[in-house]
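S.K.: Next come the chains, spelled out residue by residue.
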Amino acid sequence: MGECIRLEYDVDGTNFSSAGNASESVKRTLKQMGVDAASVRRVAIAMYEGEINMVIHAHGGKAVAEIYPDRIEICLQDSGPGIADIDLAMKAGYSTATENIRSLGFGAGMGLPNMKKYSDEMRIESTVGVGTTVFLRINF
Amino acid sequence: MAVTLKTVVLDSEKCIGCITCMRRCPTEAIRIENGKAKILYDKCINCGECVRSCKGGAKRPVYDSFDLVASYKYKIALPSPSLFGQFNNLDDPNYVIEGLLALGFDEVFEVGLAAELVTDCTKKLMENKDLARPVISTACPAVAELILLKFHELADHMLPVYAPAKIAAKLAKKQALEKGVPADDIGIFFISPCPAKVYSLHKEEVSETKYISGVLSQSDIYFRLVDKMNKIKNPRKLGKCGYSGIGWGSSGGESNSLGLGNYIHCSGTRNILELLKEMSDGKLDGGADFVEMNMCPGGCVGGVLNVENPFIARNKMRQLADKMKIPPATMAEYGLDESFFIWDKVPEPSTSFQLDKNRFVAMQKLMKVEEYLKKLPGIDCGACGAPTCRCHAEDVVMNGGTLDCVKLEERK
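Just so you know, the sequences run in chain order W and B. Per the numbering used here, the first sequence runs over residues 1 to 140. Per the numbering used here, the second sequence runs over residues 1 to 412.
Do not rely on the hints blindly, as some may be mistaken.
[Unchecked claim] Derived Cβ-Cβ restraints for the label pairs, each shown as a range:
no., chain 1, residue 1, chain 2, residue 2, range
1, W, Asn139, B, Ser352, 33 to 41 Å
2, W, Val64, B, Arg318, 18 to 26 Å
3, W, Asn139, B, Arg23, 34 to 42 Å
4, B, Asp322, W, Asp36, 45 to 53 Å
5, W, Pro69, B, Val9, 35 to 43 Å
6, W, Tyr94, B, Asn262, 22 to 30 Å
7, B, Ser352, W, Asp10, 36 to 44 Å
8, B, Pro347, W, Ser25, 22 to 30 Å
9, B, Pro160, W, Cys4, 34 to 42 Å
10, B, Val346, W, Ser25, 54 to 62 Å
[Stated by the list, open to error] Derived EDC-like pairs (lysine to aspartate or glutamate); straight-line CA-CA distance at most 20 Å:
no., chain 1, residue 1, chain 2, residue 2
11, W, Lys116, B, Asp285
12, B, Lys240, B, Glu178
13, W, Lys117, B, Asp11
14, B, Lys283, W, Asp85
15, B, Lys55, B, Asp11
16, B, Lys283, W, Glu3
Keep in mind that the hints were calculated from the coordinates and are not lab data. For every residue, glycine included, the Cβ atom is placed at its ideal position computed from N, Cα and C.
Just need the whole structure built from these sequences, with the hints factored in.
M.R.: The following block contains the structure:
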């Protein structure tokens, strides 16, 4: 697989405004590598949506980004409630977010669909009561 | 053409090597070397934050001398809207215009008037749904430079029109030529509230048609202007700028003039960095039509070449705007269309933050940075002369040498 830059982050599940910190740091690295703007934007959006999901649904988790010369692989892992029906969760507009979360402008049911839209590969592994792992690959 | 224009220089005698400016710099463009603050000009956006924060007055803004004006036969002054907020008890903008004429200018072209025309052009462009939303204003040159330097992913959201000062210069020159003034006689001088506009107006002359002959500082001409204004009794009605144009001098003026409901205006370096970060994560996609950002707190009235406190100036401008009943100027009135305003060429994003042109080499360097980061304490104390531990790690990787950290020394 070759050498990569591995970046790890703890996503704080209690703080909405800290969601995006991992995305921010990854963006800096990509820009310093000279990755094109369109790819940086795809990574930023996909990763931010992933972080927000972990804050909204799973009280936080862990984000690991592995950056290769031609791609980034992101693994978002949480020990939250898990997703009962992944196909349903992938539908645009479907959300299990509470009214409180929606009133903050989140929970529109676009998180997972956007992550899929902006990535070249997306895999979800989830067990109810155990947690969810989302794997994303974005080619530059 | 590589021309380094310096709009801020250091007075080494006065610099005590404190880390205030380095901390406040929004682009991590300052280091402390041998006890003195050094600006890395390839990362500087000329925002003036270091001038604002320097306690000892060691950061000196650079602008053109007023003496330069006399070297032209036909002199045109371009006062910015914020200039009108600098005077006590000013109830008529024409005192400022008469004052500038008394200073020796042959003509005054208000930048506020150009701003009204930019508004009219922006309204037309906003009808085009292909323009990436939210559209980001490019009127503040420091914000435009910041996007090109650190937020490339938002570059396609930038409104592709020239800032009002440039439009004022272009139009003033066009009108003077039409009047029959020989091109070589025309001297056009913008009176600037900030170093960023000094930079941007000079920079554009490097590659394009020359419109601006010099950029003066509001603080530099202030006392000579007040002296002339005090002698004026009944000013003529010369001003063409109305309430809409003068509003551009403070944050929100530009977006207000567009008559859009769904907009954001934001000012101050920290606030802007936060907002750009959110936008870069896609948080505003579909969430706003227009975003106006001014690097200085409160907008152009907050620029470091002003005299008055920004918030006091803002109030004065508001009082004055209430008396300026002239409706906003339109492109049609001046026989112009959008082509007069749109950029001749799209500005190139800067590569100053890239660690290497070769991605593989850059990656190797970044791995080294990560390795150093694991050793450094991460407290961003600034004692090494870099604003953050990360910057120090990057500096060592890029420039060679070894980690120089007081905390690491302590541990030994």
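S.K.: Decide, hint by hint, whether the structure agrees.
M.R.: Each hint tested on the structure:
The beta-carbon spacing between asparagine 139 of chain W and serine 352 of chain B, approximately 26 Å, falls outside the hinted interval of 33 to 41 Å. Checking the proposed 18 to 26 Å range against valine 64 of chain W and arginine 318 of chain B shows it is violated: the Cβ atoms sit about 52 Å from each other. As the Cβ distance of asparagine 139 of chain W to arginine 23 of chain B is approximately 38 Å, the hint placing it in 34 to 42 Å holds. Distance hint for aspartate 322 of chain B and aspartate 36 of chain W: a CB-CB separation of about 49 Å, consistent with the stated range 45 to 53 Å.
Separation of proline 69 of chain W from valine 9 of chain B is about 40 Å and conforms to the stated range, judged on CB atoms against 35 to 43 Å. Taken as a hint, the range 22 to 30 Å holds for the pair tyrosine 94 of chain W and asparagine 262 of chain B, whose Cβ atoms sit roughly 26 Å apart. The beta-carbon spacing between serine 352 of chain B and aspartate 10 of chain W, approximately 31 Å, falls outside the hinted interval of 36 to 44 Å. A beta carbon spacing of about 27 Å between proline 347 of chain B and serine 25 of chain W agrees with the range 22 to 30 Å that was offered as a hint.
As the Cβ distance of proline 160 of chain B to cysteine 4 of chain W is approximately 37 Å, the hint placing it in 34 to 42 Å holds. Range check, valine 346 of chain B to serine 25 of chain W: about 29 Å between beta-carbon atoms, so the 54 to 62 Å window is missed. Among the hinted pairs, lysine 116 of chain W with aspartate 285 of chain B is consistent with the structure: their alpha-carbon atoms are about 17 Å apart, no more than 20 Å. Distance restraint check for lysine 240 of chain B and glutamate 178 of chain B: the Cα-Cα separation of roughly 19 Å lies within the 20 Å cut-off, and the hinted pair is therefore satisfied.
Restraint check for lysine 117 of chain W and aspartate 11 of chain B: the C-alpha separation of about 53 Å exceeds 20 Å, so the hint is violated. Between lysine 283 of chain B and aspartate 85 of chain W, the direct Cα distance comes to roughly 27 Å. Violation of the 20 Å bound is thereby established for this hinted pair. With a C-alpha separation of about 13 Å, the suggested pair lysine 55 of chain B and aspartate 11 of chain B falls inside the 20 Å cut-off, and the hint holds. Distance restraint check for lysine 283 of chain B and glutamate 3 of chain W: the Cα-Cα separation of roughly 32 Å exceeds the 20 Å cut-off, and the hinted pair is therefore not satisfied.
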